[in-house]
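Place chain B on chain A using the hints.
As you go down the protein sequences, you meet chains A and B in turn. In case it helps, our numbering puts the first sequence at residues 1 to 255. In case it helps, our numbering puts the second sequence at residues 1 to 272.
No wet-lab data here; the hints were simulated from the structure. Where hints are given, some of them may not hold.
SDA-like mimics (lysine to any residue), calculated; alpha carbons at most 20 Å apart, straight line [to be verified]:
| hint | chain 1 | residue 1 | chain 2 | residue 2 |
| --- | --- | --- | --- | --- |
| 1 | B | Lys-8 | B | Ile-24 |
| 2 | A | Lys-59 | B | Tyr-13 |
| 3 | B | Lys-168 | A | Thr-105 |
Some chain A residues near chain B, calculated using beta-carbon distances under 8 Å [to be verified]:
| hint | residue |
| --- | --- |
| 4 | Leu-57 |
| 5 | Gly-74 |
| 6 | Asp-76 |
| 7 | Leu-83 |
| 8 | Tyr-87 |
| 9 | Trp-91 |
| 10 | Tyr-95 |
| 11 | Gly-101 |
| 12 | Ile-104 |
| 13 | Thr-107 |
Cβ coordinates follow ideal geometry from the N, Cα and C atoms, glycine included.
Now for the letters of each chain:
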Amino acid sequence: MGAIVEVHNLGMKYHSLNGEITALEHINLEVDEGEFISIVGPSGCGKSTLLSLMAGLLKPTEGSVIIGGRQVAGPDNQVGYMLQKDYLFEWRTIYENVILGLEITRTLDSHTRAYVLKLLETYGLSEFRDKYPNQLSGGMRQRAALIRTLAVNPQILLLDEAFSALDYQTRLAVAEDIYSIIKRENKTAILVTHDIAESISMADRVVVLTKRPGTIKKIYPIRLTCDRKTPMSCREAPEFRHYFNSIWKDLDIHF
Amino acid sequence: MNSNGISKEHLAYLRKVRMRKALILSLRLFLLVAVFALWELMARMKLIDPFITSQPSRIVNTIARLYQEGKLFYHTGITCLETVIGFLLGTIAGTLTAIVLWWSELLSRVLEPYLVVLNSLPKIALGPIFIVWIGAGPSSIIAIALTISLIVTILEVLNGFMSVDSEKIKLVRTFGANRLQVLTKVVLPSSYPVMINALKVNVGLSWVGVIVGEFLVSKAGLGYLIVYGGQVFQLDLVMTSVLILSIAAALMYQGVVYIERLLIRSGRHTPL
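Same shape as in the complex, but just chain A:
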């Protein structure tokens, strides 16, 4: 099985009246199908820009992103995007929220509706389908947001600091939950985070970016000795803190 995502010599410049800013430079990356990649980097290094380029929300000023053999030219149903907060619309019920993507892509039919209902059923949200988002807990809302992303059946999930708006305890639980759903649905995932521990515990490989202009500094293949690979148990693996220390040094954070 080959690479599902290929990033070739990607570069991005932003223009403003004060001049131009090079956010990313010479990014080359391949992601295999079913792989879980974490991208960490100091704040402002262009992590989110990289995801926006992959999602087709921005046009690169240099290089290209190829997903599933096709060059990304705009938002595409192959790619699902998870934002920092769940952004469930409070005027829609959970069911109406999760079919949002299908509505927009005009692909809501009996087949896709059955798929959504099955997802809601599998992940314990069936009984909440007619409830409004503010009647759900933070973890449940995050699940609903994931199902909204999964509803259009993307091959790749981009998680943009997807858990950072949650408090720490909820965050650990939700990361565990989302991780198991992603694995179960057999999706390729790319997670952007500033949490080193989170990146190691979830990923098969961790990509470390440099300060602006962001380039790839190092890629760590993560090999942890934990019998059942869930983010929580992996945090207890003996190698965990070695990875943590190396990445921490790579990030080179000064005050």
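Chain B alone, transformed into the frame defined by chain A:
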């Protein structure tokens, strides 16, 4: 603990809250009755001149007379109708214009200074122009009412559109939403409370526009009765009209509040 599982302290607290509510309500009623009673009393004791200040009993007589002559509902109805049409048109036209300006950033940037000028211009100054252009009738009055609420609505609703969370827009864009879908799926439903608020403000503004319009056109309506009463020194008629006006305005505002509650309860927004 009693059978409902409510403690004695809590019952005492609830009773205190109820008592306070009852106190406020009765004081309000007392204030109303006292003002009218004092007014009537002072007029009867010749402390004030009812020819200038009118008095409650004469107001009641005037209402009865207007009713017998079939004028009460005629004038009140005309004013209310003009106001409703004015504020509905103002809200709808204002919201539509705001949508156009949201759609085209260039257009909204170009028109920005003109909107600011129009917003600070006292729209009543345009009254005579409308009368010349449209004619001295209800259409001019509605036009004045509409102009007063239009610019405020445009600015208010556009501001609401602009303050929609950009991440929510990003979310629908990741699904490949076009501009129309961004509008219908995110921007409009998010701005729903802003639009309801504009409706509330516009009710008040439309009353101003309609009454001023009736002052200028002077053919029918409560505004006409007030101006006519003032000119022929019939303060009974003026006071009566003002009283009816305040009741009608309060009722219409309550109507909008009621509609707002209905819409909220139907669950589309912030369900509790």
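Hint check:
1. B:Lys-8 <-> B:Ile-24: violated, 25 Å
2. A:Lys-59 <-> B:Tyr-13: Between Lys-59 (chain A) and Tyr-13 (chain B) the Cα gap is close to 62 Å, so the pair fails against 20 Å, i.e. violated.
3. B:Lys-168 <-> A:Thr-105: holds, 17 Å
4. Leu-57: Nearest chain B Cβ about 6 Å off; hint holds.
5. Gly-74: Holds, about 7 Å.
6. Asp-76: At about 7 Å, which falls below the 8 Å cut-off, the nearest Cβ of chain B leaves the hint on Asp-76 (chain A) intact, so it holds.
7. Leu-83: holds, 6 Å
8. Tyr-87: Hint on Tyr-87 (chain A): holds, closest Cβ of chain B at ~5 Å, below 8 Å.
9. Trp-91: holds, 5 Å
10. Tyr-95: violated, 13 Å
11. Gly-101: Hint holds; Gly-101 (chain A) Cβ to chain B Cβ min 4 Å, cut 8 Å.
12. Ile-104: Because about 4 Å separates Ile-104 (chain A) from the closest Cβ in chain B, which is inside the 8 Å limit, the hint holds.
13. Thr-107: Because about 10 Å separates Thr-107 (chain A) from the closest Cβ in chain B, which is outside the 8 Å limit, the hint is violated.
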